[in-house]
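Visitor: One letter stands for each residue in the lines below.
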Amino acid sequence: MKEEGKHKKAKKYGMVINLDECTGCGACMVACMAENNVPFREDESNKLDSIAWMRVYKLTNGKSYPDADICYLPRPCMHCEGDHGHSPCVSVCPATATDYSHETGIVSQIYTRCFGCRYCMGACPYHARYFNWWDPVWPEGTTKYLNPNVSPRMRGVVEKCSFCFHRYQLAMDKAYFEGRAELEEDEYQTSCTQACPAGAITFGDLNNPEHKVYQLAKPDNKHGGRPGNPNVFRLLERLGTNPKVYYISSREWVRRAGDNYLDNEDFAKNYRR
Amino acid sequence: MSPQDDKAKEVSADGAAGPIILFFIIGLAASLVFGWVIFPKLLYSQKKQPLDFNHILHVEAVEEGCESCHFFREDGSFSGIPKLAQCVECHEDVQGEDPNEVKFVEEYVTNGREVPWLVYARQPDCVFFSHAAHVKKAEMDCGTCHGHIGESEHSRVYEENRITGYSRDIWGKNISGLKEHTWERMKMDDCAECHATKELKTDVETLPWPINWLPRPYEKQSGNQARVKTVKEACFVCHK
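First to last, the sequence lines map onto chains A and B. Position 199 of the first sequence, counting from 1, maps to 199 under our numbering, and the rest follow consecutively. Position 27 of the second sequence, counting from 1, maps to 27 under our numbering, and the rest follow consecutively.
Next comes chain A alone, as it looks inside the complex:
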C-alpha cells in the first residue's frame, strides 16, 4: 500500500547544477542545440539574434588580483512552478501555447499554438525564451542530422528549453511496452546532463527522495521548493518563481550573485527555515 502511495505522486523533474564542477566548456550548449534542432544564424556571435536554450554565463566577483575569481553558470529554462503552477510565462500566454504540467513539472511550449506575441519573453525573468526572427536555414545536407523527435520551429514563434521532453516521451514508450507506468531515474535524462564532461549537471525527480537531485538540493516542496542544502541556491529566489533548477556553489559570492542582493544584506535569510 505504501509502495502504491509513493507511485501515485506526481513527478517534478528538475535539475541541480554544481557550479564548482562546471568548467564553462559549453558542451551542454552544443549538445542542446544538436538535440533540439535549435536554428542558428550565419553570425552566431550576435547574441541578440542567436538562440541558445542552454546558455553558459560567466560571472566574476569584480575583484582584482589576487582575489579575482570567476564562475560559469549554465542557464536552461527554470521550469518555474511558481505558486501552484503559476509560472511567469504561463500566466501571461494569451494562446495557452505554454503551460505547466502538474504530472511532470515541465513547462511546455507548443510551437503550433504560439503566435509570437512574445509576452512570455517579457515575463520570463531568466531570459530563457527566444524568438525566431527568421525561418531556420539548414545548410544543404545537414537536415539529415536533425533530430526526428523534435519538430523544428518556424519564423514567428517562441522557443525554449523543454528539459528534452521528447526523451521523456520515448522513455514512457519503452515503459509502456514493458508494462510499466514508472520510469527509472536513468531512463529519462536531458541531453546537457549526459553531455557534461565534468558531471556537473544532475537531472531527476525532485519529488522522489531516492533521486540524486533530491538528495543534492533537499528541496522543501511544501515551502516553494526552498533548497535545504546551505550551498544550494536558485536564481532570483525572492521573486517567488519557484524554479526547478538548483545551483550548488561552495563560494559565497557565487551564491550571492544568484539574486540582486545589497552589499550588506544577509542573503542567507531567504533560505533559512
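It should be emphasised that the hints constitute simulated quantities derived from the structure, not laboratory data. Take these hints with a grain of salt, some might be off.
[To be verified] To spell it out: a stretch of chain A is covered by chain B in this simulated footprint if at least three of its residues, at any positions, have a beta carbon under 8 Å from a beta carbon of chain B; those stretches are:
id: 1; stretch: 110-120
id: 2; stretch: 147-158
id: 3; stretch: 174-184
By construction, the Cβ of each residue, glycine as well, lies at the ideal position given by its N, Cα and C atoms.
Keeping the supplied structure of chain A fixed, place chain B upon it in accordance with the hints.
Guide: Just chain B now, with coordinates in the frame of chain A:
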C-alpha cells in the same frame, strides 16, 4: 395598409425578384459544385504506391497476424511500415507469379533498396503519437484508427494535399470533414474525441449508479496512471 396596396407591392416585387433569386440559386449551385467536387480534385494529387500490396494474402501466410510485420521494437518504438529486411526474410527469391512480387524482388530486394512506401497515416511533424501508449497500455485495436486495412486486397490510391503535403487520411475522405467511423479522419479533434471525454476503463466513478458504489476489490483505481482524459496543461502529451 389597404389590401390594394399589398397587391401592388407583390406584383412589383415579383418582377425584380425572379432573376435575382435565379441568379442566386445558380451562383450557389456553381459554388457548391466547385467547393465539393472540383476543389478536392484540384487540392489532392493521386499517387500510386510503388507496389500493389495484398494484405489478405499476407495475413494468411504469416503466423502472428498484423504483429508479424507491424511490431514493437525493444525500445518501445513502433516499426510502422516494415523495412526491406523484414520482407526479405520470406521474399529473398520470387515465390509466386504475381508481377508485383517479381517487380519487388528485381527492383528492391536485388538492389538492396528500401521500398518508398507512401504512408497514409503520416502525421504532421509537430505530432507525437505513441503506439505503445495506445496499443500496449490502453489495449486499443489497430482498426480503431487505421480501419480494416488488413482486409484489403489492393493498395488504395494515396492522395496528397498539394498545399500541405499531408495525406488525405488526416483531413478525411469527406471534404466537409464529417465522418462515420473513427478511422476516417485523423485530425487533432479526432484525438481529442477520446482524450477530452473518455475516462480510464478502471475509473469507477464513470460507471452508473449503483455499480460505482459497490465494493470492487479486484479492480485497481486509476490514480495517477496517465489519464486518458487530458486537461488544458496536456498539450505536451501529443505535441513535440
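Visitor: Apply the coverage criterion to the stretch 174-184 of chain A and chain B: a residue qualifies when its Cβ sits closer than 8 Å to a Cβ of the chain, and three qualifying residues are needed.
Guide: holds (count 7)
Visitor: Please verify the coverage claim for the stretch 110-120 of chain A: does it have three or more residues whose C-beta sits within 8 Å of some C-beta in chain B?
Guide: Since 4 is at least three, the answer is holds.
Visitor: Do three or more residues from the stretch 147-158 of chain A put their C-beta atoms closer than 8 Å to C-beta atoms of chain B?
Guide: With 4 residues close enough to chain B, the hint holds.
Of the hints listed earlier, there is not a single one the structure fails to meet.
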